[in-house]
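Undergrad: If you read the protein sequences in the order shown, they are chains D and B.
For the first sequence, this note's numbering gives the first residue as 2, with consecutive numbering after it.
For the second sequence, this note's numbering gives the first residue as 2, with consecutive numbering after it.
Just so you know, not all the hints are guaranteed correct.
[To be verified] With beta-carbon atoms standing in for the labels, derived distance ranges: (1) B/195 / D/119: 35 to 43 Å; (2) B/246 / D/92: 30 to 38 Å; (3) B/186 / D/13: 40 to 48 Å; (4) B/60 / D/69: 53 to 61 Å; (5) D/28 / B/246: 25 to 33 Å; (6) B/102 / D/59: 49 to 57 Å; (7) D/86 / B/45: 35 to 43 Å; (8) B/272 / D/86: 48 to 56 Å.
[Unchecked claim] For lysine to any residue, the following SDA-like pairs were computed, each having C-alpha atoms within a straight-line distance of at most 25 Å: (9) B/87 / B/128; (10) B/172 / D/84; (11) D/3 / B/79.
FYI, nobody ran anything at the bench for these hints, they're computed from the structure.
Note that CB positions come from ideal geometry on N, CA and C, so glycine has one too.
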Amino acid sequence: MKNFLVVDDSRVIRNVARRILEALSFKVEEAADGQQALDACKRAMPDAILLDWNMPVMDGIQFLRALRAAPGGDAPIVLFCTTETELTKIQTAIEAGANEYIMKPFDSEIVESKLSQVGLL
Amino acid sequence: MKPDDFTYFTKYIYDQSGIVLGADKMYLIESRLAPVARKFNLATIDLLVGQLRGGRDANLQREVVDAMTTNESFFFRDGKPFDQFKSVVLPQLLANRAAKKSFRIWCAAASTGQEPYTIAMILKEAALQLTGWRYEIVGTDLSTEALDRAKSGIYTQFEVQRGLPIQLLVKYFKQQGDKWQIAPEIRAMVQYRNFNLLHEFAGLGGFDVVFCRNVLIYFDAPTKSATLARLGRAVASDGYLLLGAAETVVGLTDQFKPVPDRRGLYAPNPYAFRGPRATVLKFAGGGVQSPRGTG
Numbered sequence: 002m003k004n005f006l007v008v009d010d011s012r013v014i015r016n017v018a019r020r021i022l023e024a025l026s027f028k029v030e031e032a033a034d035g036q037q038a039l040d041a042c043k044r045a046m047p048d049a050i051l052l053d054w055n056m057p058v059m060d061g062i063q064f065l066r067a068l069r070a071a072p073g074g075d076a077p078i079v080l081f082c083t084t085e086t087e088l089t090k091i092q093t094a095i096e097a098g099a100n101e102y103i104m105k106p107f108d109s110e111i112v113e114s115k116l117s118q119v120g121l122l
Numbered sequence: 002m003k004p005d006d007f008t009y010f011t012k013y014i015y016d017q018s019g020i021v022l023g024a025d026k027m028y029l030i031e032s033r034l035a036p037v038a039r040k041f042n043l044a045t046i047d048l049l050v051g052q053l054r055g056g057r058d059a060n061l062q063r064e065v066v067d068a069m070t071t072n073e074s075f076f077f078r079d080g081k082p083f084d085q086f087k088s089v090v091l092p093q094l095l096a097n098r099a100a101k102k103s104f105r106i107w108c109a110a111a112s113t114g115q116e117p118y119t120i121a122m123i124l125k126e127a128a129l130q131l132t133g134w135r136y137e138i139v140g141t142d143l144s145t146e147a148l149d150r151a152k153s154g155i156y157t158q159f160e161v162q163r164g165l166p167i168q169l170l171v172k173y174f175k176q177q178g179d180k181w182q183i184a185p186e187i188r189a190m191v192q193y194r195n196f197n198l199l200h201e202f203a204g205l206g207g208f209d210v211v212f213c214r215n216v217l218i219y220f221d222a223p224t225k226s227a228t229l230a231r232l233g234r235a236v237a238s239d240g241y242l243l244l245g246a247a248e249t250v251v252g253l254t255d256q257f258k259p260v261p262d263r264r265g266l267y268a269p270n271p272y273a274f275r276g277p278r279a280t281v282l283k284f285a286g287g288g289v290q291s292p293r294g295t296g
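Only chain D is shown next, with the shape it has when bound in the complex (with noise of 0.2 Å):
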């Protein structure tokens, strides 16, 4: 069973991507912000992370880029799903290591299909 990070400071997105990872078979761990997700990635660097954007503390730009220079931190596939639709803030995320972008709103079949896009399903 792969495991999940998700990073979002909104409860209620958090449950929903958890409900969906979940009935796709991931083990799913929360963080709330960038930094509560990059002490996440110390413990335990998980298989898979879906990152919002916008969030106190650290963003999630901030974060992957944090988690990038990390030790083994090339390793997670890391996804984006956020509000910012900006084709730059998009190219953005990519430089700094991305691998996929949800924009949202997001529904599970658009999870499903970007997760099948980075061999994760």
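Please build the complex by placing chain B on the supplied structure of chain D, with the hints as guidance.
TA: Structure of chain B alone, referenced to chain D:
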């Protein structure tokens, strides 16, 4: 819908499109016809069928067929067929057509354009190997409304997230408000034509590869067989046919054989009688060639 109207309507759709609508499709029919009735200021679906029976309103006839045949489509739908296109079909084409440096691809159910544009993006990504090559992608569909959307190349945020890798979105799409439009150079790679699969294919010319996915499932067995027989004459003897995941040629035609271990990929059967071929086959090497990969 009255039983008599239902019988008339399902026969009408069958004659026009080959689509078989069973009694279990009553709800689907009514939900798809309701917006058409509103558009033509007809208060009920009974009135709509009455008008259709009159047979004088060509616009209504077209819109009704459009409404019943328009189906959802995604970029890179089902993934696998496009992997096979890249790893099996395209290398074979490059080898077999090396002298002529040209090929033609047909999307027989282009719908709103996602499939032909997927193929166009794959070919664009392979531009280095295709330097000096000419190729055509022809997208046909019965629905003029779907084809208008295909030509516009404009998709919603939901549509560009189903199956399309983010790198390709960034590379080939422009943002327009909350919509995304595919780049002019990709749009220019596809020619669209309004075409009914029940009609003769000869006017379209011959093809090296045909994508005919998720169409045959709506047909009855005789219509499937007849369509596959016509496809047999349209596909080059060393070409390929790609069908949808729930579709097969087995038991329906001897024109094609499944390519072993390549689900959804079919090659012309060299031992079948195919009748006169479309003209493109003249440069395909003339005599019967053994389709690669059939072992």
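Undergrad: All hints are to be evaluated individually against the structure, with a verdict given for each.
TA: We went through each hint and held it up to the structure:
1. B/195 / D/119: 35 to 43 Å: holds, 37 Å
2. B/246 / D/92: 30 to 38 Å: About 34 Å separates the Cβ atoms of residue 246 of chain B and residue 92 of chain D, which means 30 to 38 Å holds.
3. B/186 / D/13: 40 to 48 Å: holds, 41 Å
4. B/60 / D/69: 53 to 61 Å: For residue 69 of chain D against residue 60 of chain B, whose Cβ atoms are near 57 Å apart, the range 53 to 61 Å holds.
5. D/28 / B/246: 25 to 33 Å: The hinted range 25 to 33 Å holds for residue 28 of chain D and residue 246 of chain B, with Cβ atoms some 29 Å apart.
6. B/102 / D/59: 49 to 57 Å: holds, 54 Å
7. D/86 / B/45: 35 to 43 Å: Holds - the Cβ-Cβ distance for residue 86 of chain D and residue 45 of chain B, about 42 Å, lies within 35 to 43 Å.
8. B/272 / D/86: 48 to 56 Å: Given range 48 to 56 Å: holds, Cβ gap about 54 Å.
9. B/87 / B/128: holds, 13 Å
10. B/172 / D/84: holds, 20 Å
11. D/3 / B/79: holds, 23 Å
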